[in-house]
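Please build the complex by placing chain B with the ligands on the supplied structure of chain A, with the hints as guidance.
Listed here are the chains, written in short residue letters.
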Amino acid sequence: MAYKIKASDCTACGACEAECPNNAISFKKGAYAIDPATCTECKGQFSSPQCASVCPADCCVPA
Amino acid sequence: MGNVISLDSILGLGELKAPADTPAPAAASGCASSSCGSSDGPADMDPAVWEKVKNHPCYSEEAHHYFARMHVAVAPACNIQCNYCNRKYDCSNESRPGVVSEKLTPEQAIRKIMAVSAEIPQLSVIGIAGPGDSLAAGGKNTFKTFEMLQKKAPDLKLCLSTNGLALPDHVDTIAQYNIDHVTITINMVDPEVGQHIYPWIFHDHKRWTGLDAAKILHERQMLGLEMLTSRGILVKVNSVMIPGINDEHLMDVNKAVKARGAFLHNIMPLISDPAHGTHFGLTGQRGPTAQELKVLQDQCEGGAKLMRHCRQCRADAVGLLGEDRGSEFTIDRIDAMEEIDYDREAARTYREHVEAERAERHASKAAAQADVAETVGTAVDPILIAVATKGGERINEHFGHAKEFQIYEVGPKGAKFVGHRRVDQYCEGGSGDEDALDTVLSAINDCTAVFVAKVGGCPSKKLQAAGIEPVDRFAFEYIEESALTYFKDYAERLGQGAVNARAGQDAVIRTGAFTAKRA
Ligand code: SF4
Ligand code: SF4
Ligand code: SF4
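Protein chains in written order, with full-length UniProt numbering: chain A, 1 to 63; chain B, 1 to 519.
If you're looking for bench data, these hints aren't it; they were derived computationally from the structure.
Watch out, some of these pointers could steer you wrong.
FRET-style restraints, in silico, Cβ to Cβ [what the hints assert, rightly or not]: (1) B:Cys458 <-> A:Ala31: 51 to 59 Å; (2) B:Cys458 <-> A:Lys28: 52 to 60 Å; (3) A:Gly44 <-> B:Glu107: 32 to 40 Å.
Model, not experiment: these values are computed from the prediction.
Think of the CB as a built atom: it goes at the ideal place given N, C-alpha and C, for glycine as much as any other residue.
Just chain A, with the same shape it has in the complex (with noise of 0.2 Å):
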């Protein structure tokens, strides 16, 4: 299981890539991008995904 970044609504503004507790998030070819294989959800890590938490534009979704 991961999430993903709606890259129509994503801002650029790298909230989650500082936020991801497993740096599965980066910056590549001109926009942010989740890694499926690791992203874990941050189950086991935090109550909530980082990512959709601090996200301006609610584009961190489930995959």
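Frame of chain A, contents of chain B with the ligands only:
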């Protein structure tokens, strides 16, 4: 360089040769003027504070005529949501919604600063104010930029702006990088009020909403403010005035931040337009009128010193407050530039000349004021005067070219700068001259006179018809001295019944930051 108050124009002012150790403009001794924001210098300000702010264009009313500041947009992330912000654009605490700054990496920011300092020796302040929150996402880019800057150009002042949520975590780092000015945007000191301004915050790995969110934000803001002032770091507080939500409450904010040591409080009008896509824009929440803003600012006078010359400039603004040269220094151009070294000598020479001129100005202002006090007495109510100026504290702009008017209040107690009114037409394209003139009239409708270097016959008639006297006889003179001379004459005419006092008028605030470019 253009004809705004360029280095050449200052250096060309006679043979103003500054002695090596010009005394600080303590000439304010004779200036028993009213408490006019921060323009008085040592007379009513802690000397240590004055020393820190006197060359800071955003904090010292006097310095904003002479020095330039620059914001670099290295901090796009934010940790809260404000109802007046659309996060597709820049942080509207510090800049105009609807404008997107060019996001820079810290390395690009340094190149840009070096390029600008080579062009503009007036540059004295580098700020980080967004486009998001400078301390969100761990403040990584912000502090990296400051670290590099401190090595390259240690005499530039550093400042940052924040919503305060992450502030307590970073106070030590702020002190370590010698950042001596911090701006916190504080719109409330009561979570009941705050819940209508902030829908959510992200704090301690959690998204908080409603009253809880506002309560945490409030506590963190107050804590951060106290931590900074107790370390001797200057703190300015910005507040956005939102009619019906926090307008009266801002008096409590004023008291609360003053009690915690903030040295300036800047009340800014809400910028709200449906086109910006902000919550307030969409709900039709209006911003205040010029008089509403002024009345609130007047009521807060005596609390934390108010700053009235803030133009809500963009996060990547470059230049003297009021002129934005950002477009001359875009990423493409900077990347194409060769490595530029910081020229400390040019900056030092410039600062020395300014010191000398300021000392002279303090003396002449005091003389003009004494004259008015003697001849007019205290019976006449103060009036507002709109001034067309390009800087240098002189009346040196043509009426028709003015993109904004500086507003001075002049009365028996002296002349003081109380704000400015923008008349630039940045978002409505294609409006004719007639409309432009109407915009100007509605923007300065509460003024008795408008001081200009020159004004055409037609606008002159329209101004008179609207009850605003166009005055060009002080062309290229200093503003405050001219205002006092005018007031003396006005008081005389008032006494003879030749003019009527102008009361009860209001004016319209142009929304958005000042983005005029030099011609
Ligand atoms: S859900 Fe958690 S682990 Fe997955 S990308 Fe978001 S922050 Fe990272
Ligand atoms: S926090 Fe949201 S808007 Fe910002 S970069 Fe991540 S996905 Fe995009
Ligand atoms: S702090 Fe600034 S960037 Fe963050 S939501 Fe508020 S106005 Fe927008």
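query: Taking the CB of B:Cys458 and the CB of A:Lys28, does the distance hold inside 52 to 60 Å?
result: holds (59 Å)
message: If I claimed the Cβ atoms of B:Cys458 and A:Ala31 lie 51 to 59 Å apart, would that claim hold in this structure?
response: Since B:Cys458 and A:Ala31 have Cβ atoms about 54 Å apart, the given range 51 to 59 Å holds.
query: Within 32 to 40 Å or not, the Cβ separation of A:Gly44 and B:Glu107?
result: holds (37 Å)
Of the hints listed earlier, there is not a single one the structure fails to meet.
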